[in-house]
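Visitor: From first to last, the protein sequence lines are chains A and C.
Numbers 1 to 224, taken from the numbering used here, label the letters of the first sequence in order.
Numbers 225 to 618, taken from the numbering used here, label the letters of the second sequence in order.
The hints are simulated quantities; they were obtained by calculation from the structure and are not laboratory data.
Each hint should be verified, as a subset may be incorrect.
Taking lysine-lysine and the DSS-like style, the derived pairs with C-alpha atoms no more than 30 Å apart in a straight line are [as the list claims (entries may be wrong)]: (1) K385/C x K209/A; (2) K209/A x K293/C; (3) K58/A x K28/A; (4) K86/A x K293/C; (5) K407/C x K382/C; (6) K28/A x K15/A; (7) K588/C x K50/A.
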Amino acid sequence: MDAKDMEYLTIALPKGKLFKLSSNLLAKIGYEAEGLTEKSRKLVITNEEKKIRFIITKTADVPTYVEYGAADIGVIGKDVLMESGKDVYELLDLGFGRCHLMMAVPKSERREKLTDYTHTRVATKFPHIAEMFFTRQGMQMEYIKLNGSIELGPIVGLSESIVDIVETGTTLKENNLEEIAYIMDATARLIANRVSFKMKFDRISAMVKDLRAILESEAETCES
Amino acid sequence: MEKDKVVLEIPYGTRDFLPDEAAGKRVIENQLAGLFAKWGYHEVVTPTIEYLDTLTMGNGRSLEPHMFKFFDKNNRTVALRHEMTTPIARLVASRLKEAPMPLKLSYISNVYRYEQTQTGRQCEFYQAGVELMGSSSASADAEVIALAIRGLLCSGLKDFKICLGQVEFVNGVMEQYQLPDGKKEKIRRSIEERNLVGLETLVDSLDIPLNAKEILKRIPLLHGDESMLKEAYGIALNAQSRRALDNLSEIFALLECYGVGQYVTFDLGIIRDFNYYTGMVFEAYTPGLGFPLCGGGRYDHMLSDFGNACPATGFAIGIERILLALERQGIKKPEFPKDVFVAYHEGRTAEAVTKATELREAGKMVELALSAQTEAEAKRCQKEMGYKELVYLA
Chain A
1 MDAKDMEYLT
11 IALPKGKLFK
21 LSSNLLAKIG
31 YEAEGLTEKS
41 RKLVITNEEK
51 KIRFIITKTA
61 DVPTYVEYGA
71 ADIGVIGKDV
81 LMESGKDVYE
91 LLDLGFGRCH
101 LMMAVPKSER
111 REKLTDYTHT
121 RVATKFPHIA
131 EMFFTRQGMQ
141 MEYIKLNGSI
151 ELGPIVGLSE
161 SIVDIVETGT
171 TLKENNLEEI
181 AYIMDATARL
191 IANRVSFKMK
201 FDRISAMVKD
211 LRAILESEAE
221 TCES
Chain C
225 MEKDKVVLEI
235 PYGTRDFLPD
245 EAAGKRVIEN
255 QLAGLFAKWG
265 YHEVVTPTIE
275 YLDTLTMGNG
285 RSLEPHMFKF
295 FDKNNRTVAL
305 RHEMTTPIAR
315 LVASRLKEAP
325 MPLKLSYISN
335 VYRYEQTQTG
345 RQCEFYQAGV
355 ELMGSSSASA
365 DAEVIALAIR
375 GLLCSGLKDF
385 KICLGQVEFV
395 NGVMEQYQLP
405 DGKKEKIRRS
415 IEERNLVGLE
425 TLVDSLDIPL
435 NAKEILKRIP
445 LLHGDESMLK
455 EAYGIALNAQ
465 SRRALDNLSE
475 IFALLECYGV
485 GQYVTFDLGI
495 IRDFNYYTGM
505 VFEAYTPGLG
515 FPLCGGGRYD
525 HMLSDFGNAC
535 PATGFAIGIE
545 RILLALERQG
555 IKKPEFPKDV
565 FVAYHEGRTA
575 EAVTKATELR
585 EAGKMVELAL
595 SAQTEAEAKR
605 CQKEMGYKEL
615 VYLA
């Protein structure tokens with residue numbers, strides 16, 4: 001955030017499954033820009049008329065851009081936000097991108113109790129959340145940080161279990177894994193830099209209000 | 225044995241200040257020291273290390289994981305100070321116990337915290353601040369806020385905003401719905417963690433009327449000018465929350481007298497550490513910096529933790545953050561003027577020394593050449609080193 005950037009609102013959007021959902025939702029409240037697609041070669045896409053700037057970043061980097069104030073606002077999954085431990089405002093639950101974090105083990109080697117896994121290896125993309133969870137159970141674990149294809153861990157003998165996000169459970173089933181402990185739910189969140197939220201309060205709070213109205217009206221349509 | 229390897233790196237989270245940077249820091253510190261003195265605040269210096277038990281007295285427990293700790297000769301745990309308020313409270317409760325109140329103290333010093341290092345947030349950083357002890361009046365609060373604003377202005381910043389809140393407002397509103405202590409604590413924590421989604425979920429789970437839920441959820445959004453404050457009176461239903469709002473109105477009226485009202489915005493969602501602050505709290509923000517420049521508030525319980533009950537209020541400004549904000553806003557960094565370069569021809573050393581001494585006594589910043597030079601050489605040196613003027617003794 002530069003001094004001259006006071007007139008712009010910079011929004012960080014994550015690549016991947018949340019991109020389309022968030023850009024569609026933002027478009028409904030008039031936050032859009034020409035050429036805003038995930039495949040855009042331009043890294044910064046500006047809507048001069050409405051003074052909005054979009055930046056498209058790797059998912060795990062969204063909280064970083066927002067914490068530093070390089071972006072005022074961001075959309076990010078609660079799982080990634082919590083893992084990052086960044087100091088930002090969590091303004092709104094956007095409801096989409098629903099999944100949950102859990103621990104899974106190979107079906108054939110299931111042990112009786114959760115605590116039977118103490119001091120075993122767990123492969124995960126979320127070592128901080130996993131550690132918080134296991135510490136609360138009084139368990140010490142060996143955390144193996146992986147960046148993708150977590151299910152592979154137990155199959156090739158890298159770990160005894162995994163901690164990962166699950167949407168439908170198909171991947172688990174295909175790999176003969178079974179969920180044995182629920183950790184937390186996650187959905188997409190609207191986050192804001194702590195200074196931007198104060199310096200651009202009127203604009204950001206109006207944005208939250210508009211988004212909330214859209215989300216509520218959509219929820220009603222679903223119910224009826 | 226292999227000869228010791230030369231270690232050129234410095235420990236994580238620390239930094240060197242090169243001459244330019246150190247000059248910028250020094251100029252700002254001098255300006256602030258001068259300002260604090262003009263307002264009747266006396267500088268104190270306390271030890272860099274304190275006993276851990278002192279620093280964690282009352283509420284510092286939550287900060288303990290962020291402190292640099294080690295053992296002294298007698299195996300007592302000591303720690304590098306993580307801020308200056310606690311050491312000053314200790315000082316006031318001990319050696320300044322008999323001093324006439326109110327006591328106005330200031331400091332400029334380095335403090336230490338284990339942090340995930342990022343720009344403007346190092347493990348060792350510099351703070352300038354004041355503590356006003358012995359008065360619970362709104363005029364004491366207004367004075368420290370006005371002084372903080374003057375401090376930011378004298379450092380060269382023009383564009384910044386002070387957000388002013390009151391922790392008793394939130395406490396009072398929770399009290400009026402008779403929430404159990406456990407729930408109050410959770411609500412405070414979600415506000416402190418800036419987790420408005422968590423706050424909403426938490427409030428929805430409470431067994432209170434719908435309009436009460438709406439009010440609790442709105443707290444972080446109570447941001448604006450005096451009209452917002454008027455609106456807040458509408459949801460402040462008990463004496464505690466109304467007193468908090470009265471207090472803010474009174475402070476603001478005084479800030480208008482100081483001529484700094486235009487920098488201030490009310491923000492009842494500003495929550496700094498709840499266990500620490502007991503009244504008004506404020507933070508200063510500026511464009512170009514993702515974290516606050518300055519923060520402070522009233523902390524009436526801390527001195528009683530040291531056995532000497534006494535109301536207190538104060539603030540701390542981050543020196544590096546000011547320097548960073550100035551740089552990002554393209555404001556010229558304060559620097560020491562380089563006035564005169566004195567050079568001389570072979571055989572004129574004595575005269576050159578006399579000339580340099582005279583100029584220095586006249587208040588100029590002077591560099592004297594270390595050996596005789598031709599005039600051309602002297603001109604080149606003057607230019608390279610950036611002196612405004614050349615005095616050449618031919």
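Visitor: Looking back at the numbered hints, which does the structure fail to meet, lowest number first?
Guide: 2, 5 and 7
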